[in-house]
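*Asks:* The residues making up each chain are set out below.
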Amino acid sequence: MIGFIQSVLNILLLPGLAFTLIASILLAGIDRVLVARMQRRVGPPVLQPLYDVLKCLGKETIVPRKANEKVFLLAPAVGLISVLVTAMFLPIGNVSAIRTNADMIVILYLLTLASVTLIVGSAASGSPFAGVGLSREMVAMISYELPLVMVMLTVGFVCGNGLATFSLAKIGAYQAANGPLLLNPVLWPAAIALLFVIPCEVGQQPFDIDEAETEICEGVLAEYSGKPLAQFKMMHNVKMYVMSGLFCALFLNIQTGFFLADILIYCVSCVLVTFVSMSVPHAVTARFRVEQVFKFYWTVVTGCAALSLILVWIGL
Amino acid sequence: MLFDLDKKINEAIDDAASKSLWLYHINAGSCNGCDIEIVAALTPRYDAERLGCKLTGSPRQADIVLVSGPVTLQSRDRLIRTLAQVPEPYCLVTVGSCPCSGNVFKGSYAVCGPVDKYRHVDVSVAGCTPKPEAIMAGIAQAAAILKEKRKGMHE
Ligand code: SF4
Numbered sequence: 002m003i004g005f006i007q008s009v010l011n012i013l014l015l016p017g018l019a020f021t022l023i024a025s026i027l028l029a030g031i032d033r034v035l036v037a038r039m040q041r042r043v044g045p046p047v048l049q050p051l052y053d054v055l056k057c058l059g060k061e062t063i064v065p066r067k068a069n070e071k072v073f074l075l076a077p078a079v080g081l082i083s084v085l086v087t088a089m090f091l092p093i094g095n096v097s098a099i100r101t102n103a104d105m106i107v108i109l110y111l112l113t114l115a116s117v118t119l120i121v122g123s124a125a126s127g128s129p130f131a132g133v134g135l136s137r138e139m140v141a142m143i144s145y146e147l148p149l150v151m152v153m154l155t156v157g158f159v160c161g162n163g164l165a166t167f168s169l170a171k172i173g174a175y176q177a178a179n180g181p182l183l184l185n186p187v188l189w190p191a192a193i194a195l196l197f198v199i200p201c202e203v204g205q206q207p208f209d210i211d212e213a214e215t216e217i218c219e220g221v222l223a224e225y226s227g228k229p230l231a232q233f234k235m236m237h238n239v240k241m242y243v244m245s246g247l248f249c250a251l252f253l254n255i256q257t258g259f260f261l262a263d264i265l266i267y268c269v270s271c272v273l274v275t276f277v278s279m280s281v282p283h284a285v286t287a288r289f290r291v292e293q294v295f296k297f298y299w300t301v302v303t304g305c306a307a308l309s310l311i312l313v314w315i316g317l
Numbered sequence: 020m021l022f023d024l025d026k027k028i029n030e031a032i033d034d035a036a037s038k039s040l041w042l043y044h045i046n047a048g049s050c051n052g053c054d055i056e057i058v059a060a061l062t063p064r065y066d067a068e069r070l071g072c073k074l075t076g077s078p079r080q081a082d083i084v085l086v087s088g089p090v091t092l093q094s095r096d097r098l099i100r101t102l103a104q105v106p107e108p109y110c111l112v113t114v115g116s117c118p119c120s121g122n123v124f125k126g127s128y129a130v131c132g133p134v135d136k137y138r139h140v141d142v143s144v145a146g147c148t149p150k151p152e153a154i155m156a157g158i159a160q161a162a163a164i165l166k167e168k169r170k171g172m173h174e
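These protein sequence lines are chains F and P, in that order.
Counting the first sequence from 1 gives a position; our numbering is that position plus 1.
Counting the second sequence from 1 gives a position; our numbering is that position plus 19.
I should point out that these hints are in silico values taken from the structure, not numbers from a laboratory.
All residues carry an ideal CB built from backbone N, CA and C; glycine is no exception.
Where hints are given, some of them may not hold.
Claimed, not checked - Pulled a few chain F residues facing chain P out of the computed Cβ check, cut under 7 angstroms:
1) Q49
2) D53
3) K56
4) L58
5) K60
6) I63
7) A223
8) E224
9) G227
In isolation and in its complexed conformation, chain F is listed as follows (with noise of 0.2 angstroms):
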């Protein structure tokens, strides 16, 4: 029975959904308050992620009229809900909401669910602008898609001896013996590599050629409005959570066996990956073309995701 209620806590509280909620908030908020710092200036409030999607919710919803209306409203609930469930197999310390033997295959399918809602609501809404927007999102999928498996493989590899692991658990519980594994210089191209995929699969500034604003008003969100745009953009803060959080889950694991310690350092590296990861790229480079995202990925990160899981394959 203890049992039972501890995991209902877990799943509702602390790892789980209230902890994601108040972390991504938070989170997004002190990247847009970082990246205006960098550029001497004052920013908005912390909170202003969360201003942001409350005021979405109380505008008027327009479903235009060449959408599959049924497919344009559901699509945004479903990608909400998937990161929202990806955010639950995150381990702080050795707590996780849901545990599984596969954790990282569950992620991987979730995050890249996701991706495709987004594809599929802008697909559904009929604009063009959504049109090229969407390819765009593709291009950014195809992109990332290898070097994030081949990190996560790469970590699996180390933690697993001889046999690869996807279980974030024994990958806590292995940095929990060794030391967090980025202190492995062995790592550290993975590190990187990991570094880049995740402003990208955010879709943050430098590589958010999805959505970009100035040159296809939009593209993918183009023709949200209202509760579906709150519920999209409450999914891109959650995202970022998801993805400093799996950077820390995977490289960064540090347990000090008291639970309070563990969420304080958990929290701090998580703002510090963001803050690498997101805000700097943000603050110092200006929007990549698409054929450049897709070059760079797959020279550039790949191939430092590549030499990582070369230099574990043959036992270094």
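Given the structure of chain F, go ahead and fit chain P with the ligand onto it with the hints provided.
*Replies:* This is chain P with the ligand only, laid out in the frame that chain F set:
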């Protein structure tokens, strides 16, 4: 208890309506002077993001529509059609003297302004060109109006 929660959420949404302002800019035949000043208001020097502003590319996501220019014959229908696509509640802010009087273009055969012939204008920022500070002040006024409009929606 449940009723109270409903009310609280509604209040939070009203509050958010004045704190998150996404701008959409329509050029209705402007000479480009006002457009440049609008962009200047968004740059780090004036930092409109302090007020929660963000430039958006789609009228469907706009809270504040900035219109510049005297409304030419060519742009009139586009202006009306674009404004019809903006979800309620939104504010229409005109930037510069052109949209409110026609300015130096008044009397031309190709000018069918001012804007308030076609839609109710909430805030009009005067000047040729208005300073970025004036545009920011206009946006801040529009934010207060947006909150009132949002309140009016659920009463
Ligand atoms: S108000 Fe002046 S600067 Fe602005 S569009 Fe008209 S003429 Fe140009």
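*Asks:* The structure should be examined with respect to each hint, and the outcome stated for every one.
*Replies:* The hints, checked one at a time:
1. The restraint placing Q49/F at the interface with chain P holds, with a minimum CB-CB distance near 6 angstroms, inside the 7 angstroms limit.
2. The beta carbon of D53/F comes within 5 angstroms of a beta carbon in chain P, closer than 7 angstroms, and the hint placing it at the interface holds.
3. Of the supplied interface hints, the one on K56/F holds, with its beta-carbon coming within about 4 angstroms of a beta-carbon of chain P, less than 7 angstroms.
4. Given hint, L58/F at the interface with chain P, holds; its Cβ is 6 angstroms from that chain's nearest Cβ, closer than 7 angstroms.
5. A cut of 7 angstroms between beta carbons decides the hint on K60/F: the least distance to chain P is about 5 angstroms, and the hint holds.
6. Nearest Cβ of chain P to the Cβ of I63/F: about 5 angstroms, under the 7 angstroms cut. The hint holds.
7. With its C-beta approaching chain P no nearer than about 5 angstroms, A223/F sits inside the 7 angstroms limit, and its interface hint holds.
8. A hinted interface residue such as E224/F counts as satisfied when its beta carbon comes closer than 7 angstroms to some beta carbon of chain P; here the least separation is about 6 angstroms, so the hint holds.
9. The interface hint given for G227/F is met, as the beta carbon of that residue sits about 6 angstroms from the closest beta carbon of chain P, less than 7 angstroms.
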